[in-house]
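**Q** Please put together the full structure from these sequences, using the hints given.
Sequence order for the protein chains is A and B.
Residue numbers for the first sequence follow the working numbering, so the first one is 1 and each next one is one higher.
Residue numbers for the second sequence follow the working numbering, so the first one is 1001 and each next one is one higher.
Hint data in this document are derived by calculation from the structure and do not stem from the laboratory.
Computed from a predicted structure; not experimentally measured.
Be aware that a few hints might be false.
Stated by the list, open to error - Think about it this way: if two alpha-carbon atoms lie no more than 27 Å apart in a straight line, the pair counts; the simulated DSSO-like pairs of lysine-lysine are:
# : chain 1 : residue 1 : chain 2 : residue 2
1 : B       : K1005     : B       : K1068
2 : A       : K57       : B       : K1037
3 : B       : K1037     : A       : K3
One-letter residues, chain by chain:
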Amino acid sequence: DVKVTQSSRYLVKRTGEKVFLECVQDMDHENMFWYRQDPGLGLRLIYFSYDVKMKEKGDIPEGYSVSREKKERFSLILESASTNQTSMYLCASRGQNSPLHFGNGTRLTVT
Amino acid sequence: DQQVKQNSPSLSVQEGRISILNCDYTNSMFDYFLWYKKYPAEGPTFLISISSIKDKNEDGRFTVFLNKSAKHLSLHIVPSQPGDSAVYFCAADWGTSGSRLTFGEGTQLTVNP
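**A** Put into structure tokens, the structure is as follows:
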């Protein structure tokens, strides 16, 4: 069974802090994704990666960056956290011809 | 520009009855559609999918119908159970693996005992 693990379930950070959200998958999937979920907006894609050291912008990349140094790990970075980045962040991975598998999410609050 | 829309934020049904969740899309390039279910404090889990070459796919109590001419799909759950209470997301995709899903806003389904 695919396991996608997000390092934190809850985070509280101050405005202006640099924030790292970590995600690890154990199925050797090529593709990894970061989404955020907000009420009434569904899941919106921030960034994705289809290989080590490769990254592509999603629909809402502003204020975020990512890092993929190893195949199993995909990190989301908030360079300078702002209150409008308070959200549920979901990491996902996907192999060839398979559906997305999600982690349990990180609820980030920026105060 | 919302390419995948779920116009009903919530739906309430009685246990044992049918639940019908709807989804509309605008991009005619989409050729693969999925439904995900999400419980509170958990990530979404894959439920069922359908390719654009089909108009129906069934898996136990869950059936997805696709109407390409209307750019509409629906998820039917029969019979509905209280454990089905969750948020359901419709998603659409095109092309080969590595492309990215576009999700709808979600519909909160509540099944009352």
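**Q** Checking one constraint from the list: CA of K1005 of chain B to CA of K1068 of chain B, max 27 Å. Satisfied?
**A** holds (15 Å)
**Q** Given the hinted pair K1037 of chain B and K3 of chain A, is their alpha-carbon gap at most 27 Å?
**A** Roughly 17 Å separates the two Cα atoms, so the pair holds.
**Q** Can the restraint linking K57 of chain A and K1037 of chain B be considered satisfied, given a maximum Cα separation of 27 Å?
**A** Given that 27 Å is the threshold and the Cα spacing comes to 25 Å, the pair holds.
When each numbered hint is compared with the structure, no violation occurs for any of them.
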